[in-house]
Each structure stands twice: as C-alpha cells, then as structure tokens.
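There are 2 protein chains.
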Amino acid sequence: MKHCLWALLMVLAAQTAEARIVTKTVEYQQGGTTLEGYLAYSDTVKGKRPGILVVHEWTGVGPYVKHRAEQLAAMGYVAFAADIYGKGVRPATPELAAKEAAKYRGPDRTLIRARAQAGLDQLARFPQTDPKRLAAIGYCFGGTAVLELARSGADVLGTVSFHGGLDTPNPADASRIRGKVLALAGADDPIVPPPQVAAFQQEMRNAKVDWQMNLYGGAVHSFTNPDAGNDPSKGVAYNAKADRRSWEAMKAFFAEIFGK
Amino acid sequence: MKHCLWALLMVLAAQTAEARIVTKTVEYQQGGTTLEGYLAYSDTVKGKRPGILVVHEWTGVGPYVKHRAEQLAAMGYVAFAADIYGKGVRPATPELAAKEAAKYRGPDRTLIRARAQAGLDQLARFPQTDPKRLAAIGYCFGGTAVLELARSGADVLGTVSFHGGLDTPNPADASRIRGKVLALAGADDPIVPPPQVAAFQQEMRNAKVDWQMNLYGGAVHSFTNPDAGNDPSKGVAYNAKADRRSWEAMKAFFAEIFGK
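The listed protein sequences derive, respectively, from chains A and B.
By full-length UniProt numbering, the letter at position 24 of the first sequence is numbered 24, and the numbering carries on one by one without gaps.
By full-length UniProt numbering, the letter at position 184 of the second sequence is numbered 184, and the numbering carries on one by one without gaps.
Be aware that a few hints might be false.
As the list claims (entries may be wrong) - Cross-link-like lysine-lysine pairs, in silico, BS3-like; alpha carbons within 30 Å at most:
1. B:K46 - B:K132
2. B:K99 - B:K66
3. A:K66 - A:K87
4. B:K66 - B:K234
5. B:K24 - A:K48
6. B:K241 - A:K132
7. A:K48 - A:K87
8. A:K234 - A:K208
9. B:K99 - A:K241
10. B:K234 - B:K132
11. A:K241 - A:K66
12. B:K24 - A:K241
13. A:K66 - A:K132
14. B:K208 - B:K234
15. A:K24 - A:K103
16. A:K66 - A:K99
17. A:K48 - A:K132
18. B:K66 - A:K208
19. B:K99 - B:K132
20. A:K103 - A:K87
21. A:K241 - B:K241
22. B:K46 - B:K24
23. B:K24 - A:K208
24. A:K132 - A:K208
25. B:K103 - A:K234
26. B:K48 - A:K241
27. B:K46 - B:K103
Note that these hints are calculated values from the structure, not bench results.
Since we're looking at a predicted model, the values are computed, not measured.
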C-alpha cells in the first residue's frame, strides 16, 4: 500500500500541471558520434528525482518513445529517451530498421552497451536527476539495449524490458548485473520464442539476479505500441490489456526500487 | 492510477478500524460432508462488496490461510477461507497432508471442484457479499483447487494461483473458464517444474483464456508462507520479496477485475 500511496502522491504532484511537462531535444556524444535524445520532466516537481532511461524500438527515437518519456515525466520522474543510432538515423521502413538494428544486435554487443551507457550518463547529468536513483526501460530493440546495459554492470537500480529481445552472446555477463530486472513479455511473441525465454531465465538464475518475468497471454510482439496494428496472427500487434498491465507492473517495480 | 486510487480508498476505509475485522467459523455442507470454513470481513465497509474465496494449502484450513482472509478483509473484501477436506480434517504432518491432498489431486478432479464450488456458493450467500463480483485465490494445493474451479466454469471474475500445482487431467476444460487467470509462480519451484508451466501455458493459450503468469526469480515452492523456512535448496522456502510482489500483483489484478 505504501507503494501505492507514494505513486499517488507523485501523480497528484504532477497531474495538476500536465501542461508543465518540459521537453527538450538534447545532443550528446559517444565515440565521436553525435546522438540526439529527448528529455522530459515536470517542472512542478521540486528537487532531484529518480531518472528513467528509455530506449527506443528499432525505428529509433520517435513519437512513441517520446510519449513514453512524457508519461514518465507526468509521474514525477526525469525521463530521457536515449538515441542508440545517432542523430538523424531514423529508419523509415521495417527493412531499414532491421538493417540498422542488426548493427547493434549481432555477436558483438560492445556498441549497443556503449550507446546505452552514454544515454545513462547524459540522464545522470541533468540537474533534475538524482544520479543515485536510475532505472532503464526499453521497448523491443530497446529492451535488448537496456538488458545489455545491465549486463555491462551499469549503475541502475532496475531494468525493465517490454517485449525486448532477451538473447545475448554473453550470458555470463549477467553476473555483473547490479540492479533488479523485470522482463515483460508477450506469451505468444514469435520474436521472443519459448527457447529464448527459457535461456534468459536460465541466465538470470545462474547469475542469481533478482529477476522477475511477467508473461501476458494472447500478447505478441510490440504489444505496447498502438501503431503495431491489431492482428496478432502477424506476430506483431497492439494489446491494450497487456499494455496497461505491463505499465502497472513497471510502476510497482519502480515503487519498490525507488522507495516511498 | 485509478486502480491505485481505488485500492487506496478501500484501505483507508478499512484501516482506521483494523480491530473491526469480523471473523467467524462457518459450517456448510457438500455431498453429505460437513465442511468448516473461516469468514472475515470489515464491518466498517458499508454495503455489499466483492467476495474472495481463499483455498488452503495441503494442511487444510489453518492459521496461514485465516491470516490471508483477514488481510483481504482489511482491504475491504469479504473473504472466505473454504474447507476442501471436511470439518476436523487438518493433517498435522507432511505425510498426512500428502495423503489427504492425493484424494483430490488425482486423475478425477470432480470432488475438488465440488468442494471449491461449495465454498464459492457459501461465500456468495453471506449478506456482505456482492455475488456478481467474486474471485478465487489459492495457495499450493489451493492453487490447484481454484484453477480446477475455474475449469469447471464457475462464475468468478478472476482466479489467482500462488505457487499452485498447474497440472490438470482435463486441459480441454479450460475452454469453460469464464474469468481471468493470474498464475504466480516461483521460477525455481521444483514442485511446479518447467514442463508443467509450459503445459499450463499451452492449455491457457489453446482455450484463449485471458491469462497472465508472473515468475519470481529465486523463489521456490510455498514462497508466500513464512513457516516454509528459509532454505530454498530444500525446494520449499519463504521468499519475502516474492511474497510481497505476488501480493501486489494480486491487488492490481483485483483492481482490474472489480473496477474502480
């Protein structure tokens, strides 16, 4: 109940001023590449507050992930939608997105980790952010990114993957995970099939991570994204129930890791 | 957030009067057998309210399940800890409990369903209960019981299994399930092993049930029961985190099924 109360107070603090969400495009660097992320916070919340890194789907930083950042800002967090791909790299078709994502999701995960870490560092630098209270969430490609960030030993209290790819070439790196992990998955997601789910669970188990996984019946890939259509037989579709439930699960997780 | 607010109001209504939880031992019948359950509700809540059936572990109705009923009463529900075994049948050792439970968990699930249904009928008869808003939860053996109740086509809005046995001789009966299903499982529970979890998921999938499953890393059987000890290597142990998280998940589920 305390979690609930805390969340309620956060929302009450923020909701009277929904128009007071400040958003800003932010340029930053990683390895000589210019990245362009999206910051959102409420200017009615006083003082430093927990910071949430948000990592985009394979299409890059766009309206969907910006909206998520704004929702988090309305809840009282500082949210930063990080850019993994680089400024201006916003693939417009699934084919281009697949090609771009493949550069990061291959057997070498060094770059995706470095880009996610650069986003986290940028988030920690904002004056509104309490750098001791950070978490990372990601969608699809972004779920993979935040899990790799966790496996790199990043200083986050928690990591949440929404229908993210759970595979990794480096399962032993799970021993470096410092925070808690919550994986939210569609039980019928063909892109995150049972063997991948089982391997992830075994990885977490072997490394004694504090992990949880919620499976949503009937949900397929991209279940949180209203733009994913409504035909689950395609393997990619929006699922309003799973969207709402997974968001509630994330909120309960944040209430636990950030305290009341 | 509305879920949260609703839950908060329920608790605020109930918590000012924690001493006002009314409890009562209740005798009722099924098939000529006298059963003895345990009713709990708050007399500070006005009018009819949702009713929660609570089904015991293999030891039968005892302090643990009574405490859960009282917790639910403090949240504003009418809770009824049903008796599957019969009045006075309270096995005192694991050997006796295993023997008693086996009478109900075999290939014929008729009796466990009938006993659970008798508890649900009794719950619906209490003047405090809104008989249109019922749910059932169960622990271990009780998880199996409430899932069988659901498979029998019982009129419940939701069913929650805490580390319950998920197997059934009648998977096709899942098509009769009328409410939503939430299975809360220890990811390392040797008594509910991966093949059983997979079969349950497939059962739910085939029947197009509205189902969810939360897996808690590091948790083994009986993870919600403080009397289960603290040595997970035994396959049965309390896990405070998984206990708290699963209870929160149940609360969110109730908020969804009972409305705000």
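Evaluation of the provided hints:
no. : hint            : verdict
1   : B:K46 - B:K132  : 17 Å, holds
2   : B:K99 - B:K66   : 23 Å, holds
3   : A:K66 - A:K87   : 15 Å, holds
4   : B:K66 - B:K234  : 26 Å, holds
5   : B:K24 - A:K48   : 50 Å, violated
6   : B:K241 - A:K132 : 22 Å, holds
7   : A:K48 - A:K87   : 28 Å, holds
8   : A:K234 - A:K208 : 35 Å, violated
9   : B:K99 - A:K241  : 41 Å, violated
10  : B:K234 - B:K132 : 41 Å, violated
11  : A:K241 - A:K66  : 21 Å, holds
12  : B:K24 - A:K241  : 38 Å, violated
13  : A:K66 - A:K132  : 24 Å, holds
14  : B:K208 - B:K234 : 36 Å, violated
15  : A:K24 - A:K103  : 28 Å, holds
16  : A:K66 - A:K99   : 23 Å, holds
17  : A:K48 - A:K132  : 10 Å, holds
18  : B:K66 - A:K208  : 33 Å, violated
19  : B:K99 - B:K132  : 36 Å, violated
20  : A:K103 - A:K87  : 16 Å, holds
21  : A:K241 - B:K241 : 25 Å, holds
22  : B:K46 - B:K24   : 18 Å, holds
23  : B:K24 - A:K208  : 43 Å, violated
24  : A:K132 - A:K208 : 23 Å, holds
25  : B:K103 - A:K234 : 45 Å, violated
26  : B:K48 - A:K241  : 28 Å, holds
27  : B:K46 - B:K103  : 40 Å, violated
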